[in-house]
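Going down the list, the protein sequences come from chains A and B. Counting along the first sequence from 1, when you hit position 127 you're at 127 in our numbering, and nothing is skipped either side. Counting along the second sequence from 1, when you hit position 101 you're at 101 in our numbering, and nothing is skipped either side.
You may find that some hints are simply not true.
To be verified - The calculated EDC-like cross-link candidates involving lysine to aspartate or glutamate, where the alpha carbons are at most 16 angstroms apart (straight line), are: (1) B/155 <-> A/206; (2) B/68 <-> A/108; (3) B/68 <-> A/206; (4) B/252 <-> A/206; (5) B/68 <-> A/87; (6) A/208 <-> B/209; (7) B/155 <-> A/87; (8) A/208 <-> B/117.
Keep in mind that the hints were calculated from the coordinates and are not lab data. From a predicted model like this one, the values you see are computed outputs, not experimental measurements.
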Amino acid sequence: MNKKFFLATLLFCLSISVFAGNDITENRYTYLSLGTGYSQFRMIDRKVSPLMYSSSQSPNWLSFANITENSIFKANLNFVYNFTSPDEFKERSFIFSSPNHNGVIREDTATFSKSSLIQDELTVEYLRLISANETGKLKLYFGGQLKQYFSYSSTQAPVFVFSEISLNPSLLMRYRFSDTFESQSGLSVPLASLITQMPYSNDPTDGKHNYLISTFLMGSNFASLNRFQRINFHQSLQKRFNHRWAVALDYDFYWLHYRNNCDINAYDNSVTVKLLISLNSKK
Amino acid sequence: MKRTCLHTITFENQWSEAKLNTDENKSCEFHPTIKKINYFRMKTIKIVALLAVMFSFASCDDMLLGEKEQNNPVNNFDVLWNDVDKMYGGFAVKDIDWDSLYDVYRPLVTMNTSDAELFNIFSSLLDHLDDNHVSLLPTNTGFPSYQSGITGRMKTFTDFSLSVIATNYIDELKRYSGSILYGTLKGNVGYILLGGMEEGIDTYEKAFDFLLEYFKDTEGIVIDIRNNPGGIDQESVYIAGRFASEVKTGFKFRLKNGPEHNNFTPFYEYTIEPQGKSQYTKGVAVMTHRFSISAAETFAMAMSLNDHVTIVGDTTSGAFSDMTSRELPNGWVYTISIGDWRAADGTSYEGIGLPPDVVVQNDSADVANGRDEALEKAISLLKN
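One chain only, chain B, in its complex shape (with noise of 0.2 angstroms):
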């Protein structure tokens, strides 16, 4: 749509105007001092009209910038689909018919569907891809934040309480940082929480210098991702290799590069290999469950690979991409994953969650009751 640039007009008729004085000095060009006060005129409104043309010039959005995509209902459900059409990472490995999705669910939203509905049309069309990295923030309009996957669906947990662990099972839960908490289990285990995988690696790094020093006489660790909404691979990896004893591949990748769903750059690897200045490698249990996710479940699979280490618990939640954060002409924020994570063997587990080694999925009453039956099992794996 072409659309008219009002500053252009006025500077068309500066312009005009300029002109016209010109015309009006060659009337008075023998006359010095006019001439003079003339000249000077002319020359400040040759340098007024040039500013004008400038600012003028510079103020037409349209112009430089293109044009602005239309905020209403509609649009914003195009600029969705195709978005996500271009750039979702999870559709051949989850086969989504994403096409089809189109024909359900566009001819749902008119011009005059409200935020309310459209809202709903967005979260129905979004739960198809059973991800928990894909979320939709609708600002400023008052409504809960959606979130897909199971994770969506679940809310939230009840096979875990950290006030359990720290009453029954632990001598004195103490805090290294945010999200690193620690203490010593019953039966000289050592335990570890991460809440997190996003302090930076010079954190993590002073971090396990402390920690495992602290537990090197401990029979075993347990390290605890559940309720761990994940971070940042590079970090979980250098975790990782804080009780690796040997080089392997940890886990692959390929991000989208193009707007095909078969559209990825060849596959990068994880690397896990020693880091920092010790490793522990006597026994470790790691603990998931379905809230473990994304850079959380690349530190399992990393994990899983050491012969002395055992995941315990439930599956995780089956995030593992990269996920990215983009915006629709009404301002509302979605994410979506952008890539597609295998283990080292190639296999996807994408919406499916990592299986852990040793199943225990812990009854809500018992937990409400005080006890962790995952935790019960993990020390014994590691006593033992």
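With the rest of the complex left out, here is chain A (with noise of 0.2 angstroms):
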């Protein structure tokens, strides 16, 4: 998983050096921001279990942007890796007891405890701008998103198991409070999706190849907008202290919800704080 994620950042980092250097206008600012903070992520899948699973965690953030006068080109890269358990019973303890090698019988104690969850999110958008007003300070923009979305955690009951890759028109509006100081907020929901999660049996085995492929060749469903629903808003406020520094701070919500047999709804909230590097060179 780690050379994977180290492989998606290089490529990440090699598509926005397309866009480093360009030259400046006034009118063009391409950043690169890194960020981290806190986040709760709740969760029922109720094809896997009743109960509500729930996290709080830290996001790590890597994103780009290119903004020139009548377009924003993004693209951010979210991954998580933290710990979930069910709400009402984070430790879970259970005695059990099975032969050895003599038939001698062995009790035991266990616990299901913690476990590991992994989550990343990709998102790569482009918008134009649609309306502004006379002063310029409020712009509003309208334009497309590719989001890719994996989630999965290995609990020692249930393996959840969720993947998006949607097509999500999106909204975001620009005001600048001051020539340093500005506010955005976005909003998006997918049109349609191809969405992956454990099949029926929850056992993706299909005799030819390892459970992570045969996840996707099995669970994989497209969704339109009647079976998948999901709701991404975003608000960042951004200070920018010189030329090359700024920083922001950011809050992320989205809610899905999924219908398939059994319903999967997730929420997730998370204030972000963001240091932005400006990749134009100063004029």
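Could you fit the two chains together into a complex? Lean on the hints.
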């Protein structure tokens, strides 16, 4: 997994190098941002368990944006590795027994405790300016984004897998309080998605492939808005200190609902502090 | 059931307050300083209100995640019965009338049923599945876990002892890894004990590269899968491939894909084919008994397709299917079989067990006295 994450990060960095070092005008701004923060994730996958699982985690963000007078290109990578457990049962112990190789029964106590949770979200977004007020302080953009989201948790009891590849129309509002301080509010919803979860049997076995591949082969379905709903909300306050450096305080929220035999519902609240590094050379 | 969301009410109050403040602004609009102060005050209130709505909206679990399952004895019973009804793969092959069991056991559960009583009712209900893959872990109660099927009823075995083999039949029992032991039996017969089937294909590849080289000059090999609780079929199929000389269908299976008892995927197949850099095609005896379970059984099934392999001992456990773990609203965890596993010819041994080619049921008194009759039979078969 580390290797894949490293590869994804490398590809991401290579792709942004295409934009880095562009000529600068006042209307062109290219930056890379790194961030971390705090998020609360809560989920119920009724196909796997009737219990609500939650996790408090530290998301790690790597973002790139290229802003021109009339358009915005953004790419965000968010990666989380943490632990999850059911809300009401943080730690559960049980007694089990089994015979050893001489038939002597051994009784032991085992514990279900926190289980690992891996999540990633990669979003590539392109927006065009559709409206601006007279002063140019308020700008409204509309565009689309391609989102890839993956969540995996292997608890000692059930295994949760959820993957989304979706096309989302998106809306972004920028408001400049001053030359150095601005707000961005974004909203997007998926129209068409490829959703993957564990197959009905919760057993991704096809006799030929490993579990990861067979999960995608056996558990993937196309879903439109009537089966998969997700609301992504993004609010960012950005303060620029000088030509090179800026900081941002972001709030992100998503809620998702997937209807397929049994519902999956999840939401996530996160507050992130980001450091923005301009890739433009000073004019 | 509708539930009032306290956070929404709080937000509504804040919003009303914000509106009041906005109205106040209007009365001050001719005073520039006050206007500026109130402008920022209004902005601040709006931002606070916006954040409040986000967090309050996000903390209404019932609205965002749906209503929680009620944690009471009646609902726990219903969740268990319904989940098994939709997920269990063995109703048809075992001819179990699950609906009628609801009528028998559901009236025994009331809202006042204690954990101990509920555990006994669940155990009695799950007994009818007679499946070694069905278990119930009553977490945080102090009760021992429940195990269905023949191994649950037997608890343990008296027909096998590794100490007897190590003491009386083998020169030196060596450990290759956590669950792989080996040595040479009297009469130049190799002995490999597989204590599980989940060390990973990479480990098994290296292990059998070493073991088959180590035993290349033996007259045969005994592979002992007694007291093997199973593991992963892909791995048992790989090991069987180290003893295969041609490509064959090892076994086939289908998985539940819908709530009806006959909702299954099409059959998938596991193909047994020669694996690794070498294969052992001299005589092999695979030793089984009632505690050879799951992937150990599919291994025996796949091995039995080879002409040079003889299955010796007692019938296996009869739990071939894969299983899954699930939870109940009270936090208890249970496991069930979710498929229909068949031999290559379509025969189901689920709940029955794979019968050996040569039946030798060890007498517990013999084992206690240091004799393993089944192993002796296996050695004699390989020597002849």
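Structure-based check of each hint:
1. B/155 <-> A/206: This hinted pair is violated, its Cα atoms lying about 32 angstroms apart.
2. B/68 <-> A/108: violated, 32 angstroms
3. B/68 <-> A/206: Cα-Cα ~34 angstroms, so violated.
4. B/252 <-> A/206: holds, 10 angstroms
5. B/68 <-> A/87: holds, 11 angstroms
6. A/208 <-> B/209: violated, 23 angstroms
7. B/155 <-> A/87: violated, 34 angstroms
8. A/208 <-> B/117: violated, 44 angstroms
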